[in-house]
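> One line per chain: the protein sequences are A and B, in this order.
Following our numbering, the numbering of the first sequence begins with 4 at its first residue and continues without gaps.
Following our numbering, the numbering of the second sequence begins with 529 at its first residue and continues without gaps.
Everything labelled a hint here was simulated from the structure, so no lab data went into it.
No experiment lies behind these values; they were computed from the predicted model shown.
Incorrect hints may have been included.
Unchecked claim - Partial list, derived from the structure: chain A residues whose beta carbon lies under 10 Å from chain B: (1) 5; (2) 7; (3) 45; (4) 71; (5) 110.
By construction, the Cβ of each residue, glycine as well, lies at the ideal position given by its N, Cα and C atoms.
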Amino acid sequence: NAGVTQTPKFQVLKTGQSMTLQCAQDMNHEYMSWYRQDPGMGLRLIHYSVGAGITDQGEVPNGYNVSRSTTEDFPLRLLSAAPSQTSVYFCASRPAPRRPSGYTFGSGTRLTVV
Amino acid sequence: ILNVEQSPQSLHVQEGDSTNFTCSFPSSNFYALHWYRWETAKSPEALFVMTLNGDEKKKGRISATLNTKEGYSYLYIKGSQPEDSATYLCAFHTFSGNTGKLIFGQGTTLQVKP
């Protein structure tokens, strides 16, 4: 039972490069989301999805794209990396939008943009 | 912008002390209130999800209460132990149309000294 799997765990990018952070869950959860964690800022919502084919913006969506072609996968794309995107990124999933159940978090991706 | 405030930001207590933290959230568009425990170098883990005004939840020495009318929740730890050292996050679960999202507070970091 893997839960939520994020890859890579660490990444260094140069300014302007693009990359995709991968997130996969094997719990058949409908709801998936991406958060970034910065010192003193807590967890901030980037994008979320309530099911395959449906995505929406969170608090800090600029510079990021997402898609949800399957229930299991929810990749986060950085289009043109900037130093301000240096952060720790967490993917999280919940069973369904209308069930008040807790998140299962992935182990995080530490991204540095130089 | 939805404001979720947690206080205090950090807390240092002696082993055996009891302690409590506060989470303040908007009193409108409330769906649920989540509490998470986040140990260093790990991912956040769900402690409680509360939905009804007056809800009380308990897990071992940790308990939580909810007041949706005034927009606050308390987390209590009875007889703190060094293994309780962690950051405790609350998240305001709100719903709009068919989608919902969780907005996190900045957390309260607890350090329990042996």
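> Tell me, in ascending order, the numbers of any earlier hints that this structure violates.
1 and 4
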